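Asks: Protein chains in written order, with numbering that gives the first Met the number 0: chain W, 0 to 226; chain G, 0 to 242.
Because the hints were derived from the structure by calculation, they are not lab data.
Careful, some of the hints might be misleading.
[Stated by the list, open to error] Straight line, CA to CA, 30 Å or less: simulated DSS-like cross-link-like pairs of lysine-lysine: (1) W/K108 x W/K175; (2) W/K198 x W/K108; (3) G/K92 x W/K93; (4) W/K92 x G/K85; (5) G/K85 x W/K108; (6) G/K93 x G/K136; (7) W/K89 x G/K85; (8) G/K92 x W/K198; (9) G/K157 x G/K181; (10) W/K116 x G/K92; (11) W/K92 x W/K116; (12) W/K116 x W/K175; (13) G/K93 x W/K93; (14) W/K175 x G/K157; (15) G/K157 x W/K108; (16) W/K175 x W/K198; (17) W/K175 x G/K85.
[What the hints assert, rightly or not] DEER-style ranges, computed between Cβ atoms: (18) G/N79 x W/E26: 49 to 55 Å; (19) G/A176 x W/E56: 57 to 63 Å; (20) W/P2 x G/A120: 44 to 50 Å; (21) W/A204 x G/K92: 26 to 32 Å; (22) W/R162 x G/G16: 57 to 63 Å; (23) W/C32 x G/S44: 35 to 41 Å; (24) W/L145 x G/S44: 42 to 48 Å.
Since this is a predicted model, take the numbers as computed values, not measurements.
Cβ atoms here follow ideal geometry from the backbone N, Cα and C, with glycine treated the same way.
The primary structure of each chain is shown beneath.
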Amino acid sequence: MTPQLQVYIDYKSPYAFIAKDATYQLEEAFGICIDWYPLTLNIGSYLGTAKVNDVGEVVESNRSPRQWLAVRYAYYDARRYAALRGLTLKGPKKIWDSSLVHIGMLWAKGQHHDILKAYTDCVFERFWQRQLDIEDVHVVVDMLRLAGAELSGFEAYLAGAGREQHDDLQENILNKGYFGVPTYVIDDEIYFGRENLPKIRWHLAGSVGPCPDIAYDILLPELADRS
Amino acid sequence: MTIENENTMPINSPLNGKPQLTIYLNFNGLASFLALQPTLNMLNSANLAGAEFDLTWLPFFGATKNKEPSNNSDQTLLENPEVLFKARRQLAKKAYETIELRRNCLSLGITEQQANARFNAVDVINANIGLLYLNAKGINPERYLQQVFQLVYAEGEKSVGMDGIMKLLFSTGANEAMGVNKDDFLRYQQQALAAVDDFQQMQLETGVFEAPAYRLHGERYMGRQHLPLISYYLLAGHRGGEN
Chain W
0 MTPQLQVYID
10 YKSPYAFIAK
20 DATYQLEEAF
30 GICIDWYPLT
40 LNIGSYLGTA
50 KVNDVGEVVE
60 SNRSPRQWLA
70 VRYAYYDARR
80 YAALRGLTLK
90 GPKKIWDSSL
100 VHIGMLWAKG
110 QHHDILKAYT
120 DCVFERFWQR
130 QLDIEDVHVV
140 VDMLRLAGAE
150 LSGFEAYLAG
160 AGREQHDDLQ
170 ENILNKGYFG
180 VPTYVIDDEI
190 YFGRENLPKI
200 RWHLAGSVGP
210 CPDIAYDILL
220 PELADRS
Chain G
0 MTIENENTMP
10 INSPLNGKPQ
20 LTIYLNFNGL
30 ASFLALQPTL
40 NMLNSANLAG
50 AEFDLTWLPF
60 FGATKNKEPS
70 NNSDQTLLEN
80 PEVLFKARRQ
90 LAKKAYETIE
100 LRRNCLSLGI
110 TEQQANARFN
120 AVDVINANIG
130 LLYLNAKGIN
140 PERYLQQVFQ
150 LVYAEGEKSV
160 GMDGIMKLLF
170 STGANEAMGV
180 NKDDFLRYQQ
190 QALAAVDDFQ
200 QMQLETGVFE
210 APAYRLHGER
220 YMGRQHLPLI
230 SYYLLAGHRG
240 GEN
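Make a model of the complete structure from these sequences and hints.
Replies: As structure tokens, then:
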């Protein structure tokens, strides 16, 4: 029996963004349908908060030097892998609350798998080009429309059942021990980070032979052409 | 004693000279032990494929600590949901680290008790200086690296003393004829001890804040998960980075 794969993402995470396509490939390679969930990170609580202006100057911050080092490296690292995939990844100017756009994700998920993927593509690509205010409900509605989602009832869902579902989910996620994105869960086995994709493929293929080591994917057509 | 400087070449440019690869390992870090064999395998493959590069192994001199308290430190859990989230996230992260440790032990063939072994503070400094000493003598330290990690994690040695360090140095094939002896090492050790703070500062300034870390022409890569990309750049003769 093919195992069920759950994947937890946050649209404001650069690491989740660059993991997206490689994660989609799992569906094709193993004939599975990924069960996607939003994991709304409260980044400020563990990496401090900061705001930058239009020219990239820090105008507000409560980060320690160590937090700045880690955050700057994280974005730098994500950008270089995004560049290899031909993706644009512009660092956000502030720490966003992604709960609205995640409720949109749950709405899209309730309609059709393809609508969810289209919504995810729209949100990720535009957000990382700094084209989306994901805290604006009209923007979320626009993204759902673009993804082909049925919109009637969404605003009520957003204020009521959707918000409740989202908040309950976040409670349960922490209780289950999922703390970051992307997180992959197969047969109750947790893998955090896209560096685990070789292990996830091994697991989905039936755990045959030795378990591979962690590695970031560079199996990209652009790279293969250039080598 | 010289300390290498950050390379400031433009990113993703073709290399004019041989690529410079620097690898940082922490002798008291399981992640570095986990990285050693895959790194050696990657280097062997690159060499076999004809890649030309200059290689330096350096000890990682320790992580920087948060000297400034975070803005949350004076708030209670009940007052601030962010603090509560942070605490719960920390618990979740700890639980995951336990799972990862189990997986890593399986992969290395060691027990969790062995995985938690650490050199004492004096010996880890001497082990670090031993690596610098081999670099200064122009001796390939690969055997030394393997032996140090073997000693810490497989044999659980917490204290080896100066004789133990000398034994590790000689395990590389170094000998008296090469000028390697205890007196010479002790002289080097005194100079190195005086420069430890500079090394630590330089690593921080070059942005190396954890180990294992790799620098290829100034480009930083934290963690062994980058080995495929580093290998690609070594073979392609290009420096990594954004386009």
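Asks: Look at each hint and say if it fits the structure.
Replies: Cross-check of the supplied hints:
1. W/K108 x W/K175: 21 Å, holds
2. W/K198 x W/K108: Holds, at about 26 Å.
3. G/K92 x W/K93: 24 Å, holds
4. W/K92 x G/K85: 22 Å, holds
5. G/K85 x W/K108: 28 Å, holds
6. G/K93 x G/K136: 42 Å, violated
7. W/K89 x G/K85: Holds: W/K89 and G/K85 sit about 26 Å apart, inside 30 Å.
8. G/K92 x W/K198: 19 Å, holds
9. G/K157 x G/K181: Holds, because 21 Å separates the two Cα atoms, which is no more than 30 Å.
10. W/K116 x G/K92: With a Cα-Cα distance of about 28 Å, the restraint between W/K116 and G/K92 holds, given a limit of 30 Å.
11. W/K92 x W/K116: Judged against 30 Å, a Cα distance of about 26 Å means the pair holds.
12. W/K116 x W/K175: Since the Cα atoms of W/K116 and W/K175 sit roughly 25 Å apart, the hinted pair holds (cutoff 30 Å).
13. G/K93 x W/K93: Holds, because 28 Å separates the two Cα atoms, which is no more than 30 Å.
14. W/K175 x G/K157: Violated. W/K175 to G/K157 sits at ~36 Å, over the 30 Å cutoff.
15. G/K157 x W/K108: Violated. G/K157 to W/K108 sits at ~54 Å, over the 30 Å cutoff.
16. W/K175 x W/K198: 21 Å, holds
17. W/K175 x G/K85: Given that 30 Å is the threshold and the Cα spacing comes to 15 Å, the pair holds.
18. G/N79 x W/E26: 49 to 55 Å: Once the Cβ atoms are compared, 40 Å apart, the range 49 to 55 Å for W/E26 and G/N79 is violated.
19. G/A176 x W/E56: 57 to 63 Å: 59 Å, holds
20. W/P2 x G/A120: 44 to 50 Å: The hinted range 44 to 50 Å holds for W/P2 and G/A120, with Cβ atoms some 46 Å apart.
21. W/A204 x G/K92: 26 to 32 Å: 28 Å, holds
22. W/R162 x G/G16: 57 to 63 Å: Given range 57 to 63 Å: holds, Cβ gap about 58 Å.
23. W/C32 x G/S44: 35 to 41 Å: 37 Å, holds
24. W/L145 x G/S44: 42 to 48 Å: 45 Å, holds
Checked against the numbered hints listed earlier, the structure breaks hints 6, 14, 15 and 18; every other hint is satisfied.
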